[in-house]
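A.B. asks: Sequence:
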Amino acid sequence: MSRLIMKDVQLLANNKAKYAHGTITSSTSSSQSAIHANLSAKESVTLVEKGISTTHYYIKFMPANEADYAKLKRDTNLMIYPYPLDAEVNQYKGNYRDPSLPANVPTYQYASVPVKYVLPNVPYVKLAELFLPHETSLSKRVSIYGADSSTYSVSTNALEDESICFQNNQFFEPVECEEINYGGGSPGSGNGPGAPPGEWRPSGRITMTDDSLGTIGVEGLKVRARRWFTTYTGITDANGYYYVDGTYTRPANYWMDFERYQFSVNDHSGGPRVIDDIKQKGPWNLHLTDYDRFCATIFRAAFHYYYKDIQGLNRPPENSFWATQVKIGAYNYDGDSNALPVRGMILGEFINIYNPNNSSRQTYATTIHELGHMVHWLFANNFQRPWASSYDFYQSNFCESWARGVQWALTRMEYPNYQGGDVIMAGCYTNVVIDLIDENYDTANNGHKDNRDLVSGYTIKQIQDALHGASNATEWKNNLINNYANNTEQYVDALFSAWGF
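Numbered according to my numbering, the sequence shown spans residues 48 to 548.
Incorrect hints may appear among the rest.
To be verified - With a straight-line cut-off of 16 Å between C-alpha atoms, the simulated EDC-like cross-links for lysine to aspartate or glutamate are:
#1 Lys355 with Asp284
#2 Lys508 with Asp485
#3 Lys269 with Asp324
#4 Lys508 with Asp356
#5 Lys355 with Glu266
#6 Lys107 with Asp145
#7 Lys269 with Asp284
#8 Lys326 with Glu135
#9 Lys269 with Asp292
#10 Lys355 with Glu461
#11 Lys140 with Asp337
#12 Lys140 with Asp324
#13 Lys107 with Asp133
#14 Lys326 with Glu461
#15 Lys328 with Asp284
#16 Lys173 with Glu135
#17 Lys163 with Asp145
For the record, the hints were derived by calculation from the structure and aren't laboratory data. No experiment lies behind these values; they were computed from the predicted model shown.
Taking the hints into account, I'd like the entire structure generated from these sequences.
C.D. replies: The structure is reproduced here in structure tokens:
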């Protein structure tokens, strides 16, 4: 197969001013002949432009506020990074922010986009024009014309590799050309499925140790593999395994963050918690510990409420034009977890989760609890997104009792032995929802028993839907009695009274 060896010709920054005087040769397995021994800059431009055109733009977005940042996040096809793509990345955990920016301005975001991509309405600058044939076609070939009118057919993959190999400029790392492998099987072990000969598919597993469940995979994480301007992605399955949707011939950086379209788990009050690793070839197996384990547990609970089976319940507020994705701040110190009652495009995080030393089960339950408040918040406002909420004026025991109930119902799907949160009558944290569902009044409710619990058989879906139009516990109770037939409904009044309503 013929391939070009590029020495001084700049291919990926496709700008005439950047083409330089140099030598281009064509090589085959049996011979090597010069297209032109000493090309002038003009001849270099002519030669390269015959067969190569810009495929992508390298973009720097400059969001002026959270509304701009939200626009970038809502574009699910846009793969943005908080740091320049042409910088060498070392192993990193946290949330990068450009130190030159004021605290109230989102950090710059960088991306590589196809030339015809319709960009979000966010301020940006175009940093460079790129030639990335690997993303357009794995088998595409171009014709290059020599000064003597001869034509050379070249694989775009080989052309891209050689241009990277022989360039040493602001965009590319210095490499040894021998690193490029053009055939004979896949480099790297543990290769993902379906990689063509000579290429490898990034893959691996992400796990954590749960103090109730042992070592488990973390489901739903989006993992990226990036080589300079080209990114491929994969999502972890129920056991934490993943592989990405593309292949490379050379090493790539792995990246993951605790974020999905509907929500992000943030590094304290910053952006999504990120884990980025150095260039490597082969699988990336990551076991999350300490603070990352805490973030992973919060992520698991949020992923459950947003994307998995929730017994027919409503999802928490979703990412849309009128409201940003839910931001969950994971704080590495003790405090009282909470969900703010107002949410809109200009706000930052909405939920704060503290106490990383709590058990995994307790952190999971707390996250479900706070998301349950958000569902109730939507019900209180008939699914509108006002700047002020009638939810602010609801009885505390009404709000907290619903949140405790959904906390119990969904957490038990992951932790079957979960008995519910501690009963704090003075703090309005009751387990009335559990009593509306279960039949075992003397052992359930986390040890808080009451012989007046003669109610059972309501579903968590019915209890949630009874929140519609209810601004207090009495209206909630009446909706249950009036809207749903139940053989024990005559005892509902006594049950609510027993819980202090």
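A.B. asks: Next, verify each hint and record whether it holds.
C.D. replies: Evaluation of the provided hints:
1. Lys355 with Asp284: holds, 12 Å
2. Lys508 with Asp485: Judged against 16 Å, a Cα distance of about 14 Å means the pair holds.
3. Lys269 with Asp324: Given pair Lys269, Asp324 holds - Cα atoms ~15 Å apart, limit 16 Å.
4. Lys508 with Asp356: This hinted pair holds, its Cα atoms lying about 12 Å apart.
5. Lys355 with Glu266: Given pair Lys355, Glu266 holds - Cα atoms ~10 Å apart, limit 16 Å.
6. Lys107 with Asp145: Judged against 16 Å, a Cα distance of about 13 Å means the pair holds.
7. Lys269 with Asp284: holds, 10 Å
8. Lys326 with Glu135: holds, 9 Å
9. Lys269 with Asp292: Holds, at about 12 Å.
10. Lys355 with Glu461: Between Lys355 and Glu461 the Cα gap is close to 11 Å, so the pair holds against 16 Å.
11. Lys140 with Asp337: holds, 12 Å
12. Lys140 with Asp324: holds, 9 Å
13. Lys107 with Asp133: holds, 12 Å
14. Lys326 with Glu461: violated, 35 Å
15. Lys328 with Asp284: Distance ~22 Å between Lys328 and Asp284 Cα, so the pair is violated.
16. Lys173 with Glu135: The hint is violated at about 20 Å.
17. Lys163 with Asp145: violated, 28 Å
Comparing the model with each earlier hint shows violations of hints 14, 15, 16, 17; every other hint is respected.
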